[in-house]
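4 protein chains.
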Amino acid sequence: MASTFGEKLRISVFGESHGNGIGALIEGLPAGETIDFEQLMRFMERRQGGRNALSTARKEPDIPEFVSGIFDNHTTGFPVCIRIANTNTRSGDYNNLAMKPRPSHADFSAYMKWHGAADMRGGGHFSGRLTAPLCAAGGIAKQILERRGIFAGAHLSSVGTVQDVPFPMLPDAAMLAEIAAKDFPVISDEKGAGMQAEILAAREASDSVGGSIECAVTGLPAGLGDPMFDGIENRLSRALFGIPAVKGIEFGDGFSLSEMRGSQANDPFSSENGKIITKSNRNGGILGGISTGMPIRFRVAIKPTPSIAQPQETVSLPQGEHTTIEIKGRHDPCIAQRAVPVVEAVTALVVLDLILSDSEPNYNNIAKEK
Amino acid sequence: MASTFGEKLRISVFGESHGNGIGALIEGLPAGETIDFEQLMRFMERRQGGRNALSTARKEPDIPEFVSGIFDNHTTGFPVCIRIANTNTRSGDYNNLAMKPRPSHADFSAYMKWHGAADMRGGGHFSGRLTAPLCAAGGIAKQILERRGIFAGAHLSSVGTVQDVPFPMLPDAAMLAEIAAKDFPVISDEKGAGMQAEILAAREASDSVGGSIECAVTGLPAGLGDPMFDGIENRLSRALFGIPAVKGIEFGDGFSLSEMRGSQANDPFSSENGKIITKSNRNGGILGGISTGMPIRFRVAIKPTPSIAQPQETVSLPQGEHTTIEIKGRHDPCIAQRAVPVVEAVTALVVLDLILSDSEPNYNNIAKEK
Amino acid sequence: MASTFGEKLRISVFGESHGNGIGALIEGLPAGETIDFEQLMRFMERRQGGRNALSTARKEPDIPEFVSGIFDNHTTGFPVCIRIANTNTRSGDYNNLAMKPRPSHADFSAYMKWHGAADMRGGGHFSGRLTAPLCAAGGIAKQILERRGIFAGAHLSSVGTVQDVPFPMLPDAAMLAEIAAKDFPVISDEKGAGMQAEILAAREASDSVGGSIECAVTGLPAGLGDPMFDGIENRLSRALFGIPAVKGIEFGDGFSLSEMRGSQANDPFSSENGKIITKSNRNGGILGGISTGMPIRFRVAIKPTPSIAQPQETVSLPQGEHTTIEIKGRHDPCIAQRAVPVVEAVTALVVLDLILSDSEPNYNNIAKEK
Amino acid sequence: MASTFGEKLRISVFGESHGNGIGALIEGLPAGETIDFEQLMRFMERRQGGRNALSTARKEPDIPEFVSGIFDNHTTGFPVCIRIANTNTRSGDYNNLAMKPRPSHADFSAYMKWHGAADMRGGGHFSGRLTAPLCAAGGIAKQILERRGIFAGAHLSSVGTVQDVPFPMLPDAAMLAEIAAKDFPVISDEKGAGMQAEILAAREASDSVGGSIECAVTGLPAGLGDPMFDGIENRLSRALFGIPAVKGIEFGDGFSLSEMRGSQANDPFSSENGKIITKSNRNGGILGGISTGMPIRFRVAIKPTPSIAQPQETVSLPQGEHTTIEIKGRHDPCIAQRAVPVVEAVTALVVLDLILSDSEPNYNNIAKEK
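Residue numbers (my numbering), protein chains in the order written: chain A, 102 to 471; chain B, 102 to 471; chain C, 102 to 471; chain D, 102 to 471.
Treat the hints as calculated values from the structure; they're not laboratory data.
These numbers come from a predicted model, not from an experiment.
Certain hints may be false.
Remember, identical chains collapse to one label, so a pair may be satisfied in a single copy or spanning two.
Unchecked claim - Okay, derived cross-link-like pairs now, DSSO-like style, lysine-lysine, Cα gap no bigger than 30 Å in a straight line: (1) LYS429 / LYS201; (2) LYS292 / LYS201; (3) LYS283 / LYS201; (4) LYS283 / LYS376; (5) LYS429 / LYS376; (6) LYS376 / LYS292; (7) LYS380 / LYS292.
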């Protein structure tokens, strides 16, 4: 079922870029969880466009309406429907695109799937705008997790070839909070300045640029997850590839592990203050799909925004005559920095689902913070 | 549900390394599909251990028994249960490991999840042996797909730092067949020789080494897949991380895309003999989660076999006293080359499920080869 | 996942009686299906309250807003979100009930499940009001099915001990259309008059009364459905028990079959105009969970509205002191007649899902009416 | 997915009557649960044929082989595969039936679904023989539940028009145990004698006869289950219609409720020894899909065995020429009495799944018996 993920906590995203609205349905949220709406809005603002020269000019308030499932600022156990109105659509910008698929967008593959019936104005259901309700849902999950000492945080680990310093093998919650508070979510502000220069240079060139995001989850107890196809890697990757433009994911040292010897790659077990730990964390806190109690750590690759102002070769549908396209409208020269909170949101949703889905060392056994 | 994946074609894997047997249950296979058992056995032999100095000494015939769902050499539409007996288990080898978790194995995380109840002899349900029924199931899927002109094939793209030449952007079925026929599944036999030297050197050093596998699917029509969370990347990644030791996946140019500009990364549309194509294929045949009609192309990272004969630091359970472990028993110094057909098998299962799950341009519309 | 059903066509219902709104999310609707909104409103009006002395005084326009998934009066293939505002809530009526569970309502069991966190005003998520979005979704499914010659229709088969004449073994679409056009959906208007008298008598006595609904589906081809746990009976029963107050279901001759001999109960095969038929239809068009091509026929039992104005024994929560309750507010003395279109709606959704889920004699093979 | 049910505890049934074997895969069983194999065999013997004149002459030992998931007599947390060999198949008996569908069997509908590819010898995957692995799986679930004070038990409530005395509104575990120990599972042995006479009379007349089964679950705490489509009624009905020949189900007073007034049907709340109870239990322990803490109580209708020795009208496939059929082979004149433990087994599986699926008042909170 395309736009849905999760086992006990199910998130379904709906809406199109230029339709009446967008939103999310969250089923399976535990009852009685308080929601701090101010904190939620601050989280959603992190993905908001239009704040500076790095982002699209489209500004929408993106105020979520809670249609159901919340009463007196707490969850009720019933499905939570979140609806965000589309208020600032200018479909005219896209009219000329309808029958000329934009390179590296979903226009052509969607046309082939739905034979032209889909509403693809502004990218339709594939638009990055759909990540707003994902952030609303994920922001709620983050609050529930944080009350239990579990934090999901990310930083922009590269833009083009400019790289931020990576997370240490064992990032902590304080580091994640510090990054989240920044306007430009990097560990090294100096590297961040280089990345911003890269983005502006791409814009200057009527071009765009890709990037990557590194994410960590701290505080997750050992023993959560499942073998084979429902391990933490399986669950996270399945959900994270739902974020537009994600084209790769690696856990722990990921592709670097493939170049190592076992004696380098293995994380020795040790113990510290009565808790069993690993001395290194090259496996990213996951063995056999199950948490080790060390921080989860992974990195996703984000391709360059496909919409660029340069003329590009394409064809006209349905016959396939050769033509060119110049994409007007409002587009980010790099979406990676705006995707940082989206990666956090999706991660928080997957982790909360993981806990709720675990019948054994379950949700209630993770003590709620007083 | 941990050991199960698929939407309309559901594969469930069961068994433990040192229990009575292992197997797979396949639900949703279309009825009336002929199975060529000889071809299936040849495919399964590609992952078989014990053939040369590169692999474990454990030799098992791995003859699948078809308990149900097959009649007169064809599928009946009923669930297919495949059972493979465990005939060559020597649990004694592992007895000393029970309470000393092996670094980078699932021993510790599984212990924390099931509080010691799991049968972890020989890796239990996490053992690489469980990929045998996956290959049996995937081998059937491959036959069904091939009859419809769809081919999934892979090569060992690296061992340690030695790299095979990569697939071209548009690999074809003939190339995939040629690799599949080789003893050592690489494109460049010269590079292959280097990889084999790397594996033997690792064994010599009582060590192991990682690798990576590149896979392609040809012949898939455009318009298959779903937006957001059930796209082809989501489905493949979720299933492929179920193969032991996979720690990363990238589609098309993957992480390299994150370093590119849009003008480099975008695949221009064109047409050729009346068919709309992309001139390059940096997106790996997938846009918005949906097939473009170009070959699917992706790469997975395989970590080094965690079992190595060198002494390693660990702790004793449950108290966590520091100790060391030397892993005896039969282990491959590199599992990447044996994982090549496993990646093909899982890919074939995901692709067949994708076709069966698509209600619109569906299974029956893909003409069966006469 | 509580408030969701369906395999390829997934319907999720959200909202509470006295919250901001109610609605449904429909995922998996085929693309390119025209929606006749006037026809949809007429269908929804059939369940509407407040039309006569038989129903609750609460009148709400129940105009569905289509948030997503519909463009230019046709489905796009993207998720359809329907939202209905709650405009006429008078929570004051229910305030005194919060801690006194109403007999035979979900108040107590919900309290035990969510420890008081659920918003149970007016029945909360359990309210009959939630059947409005079900009818909106089902009304769309009915239009899609009818274009393919498949009709789902129901009549009120009993109120208290007054019974309508039953469907013949082979009801046809014309009969279903005729009933649907009536204000009081019965076959025999004379029996209908008796039922209405029964309802008014119950109201007069500050009481309520139960009833039953018989439903049929015509035009479904043979060979749809699945063995064992996803047969037509399994799918329909699972969904229909989601309608508040349904306490029983029987297919074909149902419980009467349990009193018969095989020679009486078996439906002999025959053929007519080149089509294989059964001469009788005691099995209700379903054998082994799979359609026979004869009309589907089943009956559901609806318990009396639990809300009655008479004083009833109950306890106060959480301590359990004995007390009594008198339920004020607006309640139907019989909900069975309003549930008739709801049964049709749920049935249409299940049947459309059944067709979409069938990979073999599938959706596209059922010719679309010109 | 046809032959699978369950959310956290998933049961998949495989096999055909005359194939190599039959079995079940159970995923999600909690780890560390002891299995008493003798007790399990005694439970399975309750559905065994060939014990007396009431049953089919086919005798098979039906010894389950535990292929996986069990170690040292306890569950490991890994999938449990159970396999039962088919040792006593005489397909010759059925050869003449292949192209003449037996009235009220799945032969015709299965033929239409799979176009003749299905292996329908002896009923194939639809055979009552498939209930043997269901009993093996359910017998394990019963042991786990009983250790937690939860008992599922059933009796044969009618055969033809002869009725057993019904369960009281509040049956207890002792009563269930007493019935389970009987050769003929009824409350009143006198009524049981009448039922047996009815069965023998049907056999004498080369005919068969239907029946009904009433089932109860005691010890289930209040607050388990879900609203709308995953309530206890939804879950039980979906699974129970998977038992061959079940054509109806009613919960609590079921269809009788539809004839009552609310003042008769409502169950008043009260309290007893500090526990909130209902004084009557006409709703069968379920309100709003959620348990009330009172015993679950429901009844299923079983149609007469469709296989009868009398000549019956049918057609020949695929053309539909009129012909007749006389069904030889081994058949029970009534399957209702053998279905009693099957109903218990399926019920136990659904109830255990219900507990495991509940994230809130969950599995671990139900104290394990010391």
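> Broken hints, numbered, in rising order?
Replying inline: 2, 3, 4 and 6
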